[in-house]
Amino acid sequence: MPTIRVVLPTHLKTLSRVSGEVVLELDGVVTQRTVLDALEAKYPMLCGTIRDHVTKKRRAFIRFYACEQDFSNESPDAPLPEAVVNGSEPYLVVGAMAGG
Amino acid sequence: MEGQQKLKAAKVLLVGAGGLGSPLALYLAAAGVGTIGIVDFDVVDFSNLQRQVLHTTADVGRRKIDSAATHLRALNPEIEIQTYETRITSANAMELIRPYDIVIDGTDNFPTRYLVNDACVLLGKPNIYGSIYRFEGQASVFAPPLGPCYRCLFAEPPPPGMVPSCAEGGVLGILPGVIGCIQATETIKLILGNGTPLIGRLLLYDALEMKFRQIKISRNPDCPLCGDSPTITGLIDYEQFCGIRGEESPAVSESAQEEVSVSELKAKMDRRDDFDILDVRNPEEWRICRIEEAILIPLGELAARLNELDPAREILVHCKSGARSAKAVELLRASGFASARNVKGGILAWAEEIDPSIPTY
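Those protein sequence lines, which keep their order, are chains A and B. Its first residue numbered 31, the first sequence is counted upward by one per residue in the working numbering. Its first residue numbered 2, the second sequence is counted upward by one per residue in the working numbering.
Hints are supplied without guarantee of correctness; some may be wrong.
Computed Cβ-Cβ distance ranges for the label pairs, DEER-style [what the hints assert, rightly or not]:
hint, chain 1, residue 1, chain 2, residue 2, range
1, A, Asn-103, B, Thr-234, 19 to 29 Å
2, B, Pro-360, A, Gly-117, 54 to 64 Å
3, B, Lys-9, A, Val-84, 51 to 61 Å
Read the hints as simulated data drawn from the structure, not as lab findings. Beta carbons: idealized from backbone N, C-alpha and C, even for Gly.
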């Protein structure tokens, strides 16, 4: 069973009450949709913060990365890289921040 | 010598003399950047000193631009410091930025970040970007058409209050030093034409993990500002832009679904329904009057204290008259608290219709 590492932005770590990476165990093909579905199932308070509640589209102030590549505009059902599937690289959820 | 002459001839505008602006300004002045412009309208506060190392205890109460100019001139009297005591706005941004070669974004809020980005793109100036929150930072160089702009990266800002500011959520004092020094490095690289700039790359820094990550970011051909067919051709109202975007889909945010009357609230309390009452007023208002069962989290602290609430429970939110609690409900719903609703009329309605014995104000 693939074990996926997910890195959340600070404000979502606070919301979901986690301090480091989130670890998810997934069945089947690992895609952005299955990762985010599992993330929201484990941490329901994240529903609506990363994807729109209704459309499930990525929110415009959030981006998705893995293996230094931008997956923000990729199909949510496309398989993620093997490095993410085998846990050697995390799936990054990056949020806008404005502090200075 | 040639490089030093390039530095001497360079004109750099620093928007904000706070956490990021402090190390930036010091290093740019020390390097001999010939003209440094500083835009800021704030005064030095004791709470700034943990991270804004350009200012000292003796400067508390002074205008930041004055404090900055004093210390930078002491460090390097051979350079020119231009100060602008103003809030950068759509009305003055183009005029402020036009004389400079490079702009450095050291601001602390989304409206100003979009404003600085848009003005830089419209004027063709490189924008050295840095931002921080708690233990994390981001840095990049936006210079369309060589790479993306800020809008390509984040097309819209978060809903107001969803991502707390440093003042609300706190920040590791050293963090702006790290990110500000990266911005200063990128600035000097651009001036000298040396190295590979952070154009098309976003640098992420996590101080707790002591980890840097780099990710590729691309220009969005559909970007309304720097894309192939831009629709933004002038500066807009950024307060409005940042205030109205990022809201939840209408299907779940109809106002009627988000409101409850004080009589409904009383009925639910009498039935001992399973729910929480959240009061988002300030502590001094709480001391005047309150609904005893309520939890107090002031609106300004809410985003940073969401972990004190249970998103699985129904939460009825009130303030004095309903305005602040409406904002709180918007934030809560956007953060996954699907059962958050606003108590219409707030505690004033409660006092008038339910419990006239409590004092009002």
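Hints and how they fare:
Look at A/Asn-103 against B/Thr-234: about 24 Å separates their beta carbons, and that is inside 19 to 29 Å. Between B/Pro-360 and A/Gly-117 the CB atoms are about 59 Å apart, so this pair conforms to the stated range of 54 to 64 Å. Separated by about 56 Å at the C-beta atoms, B/Lys-9 and A/Val-84 satisfy the suggested range of 51 to 61 Å.
Every hint from the earlier list agrees with this structure, and none is contradicted.
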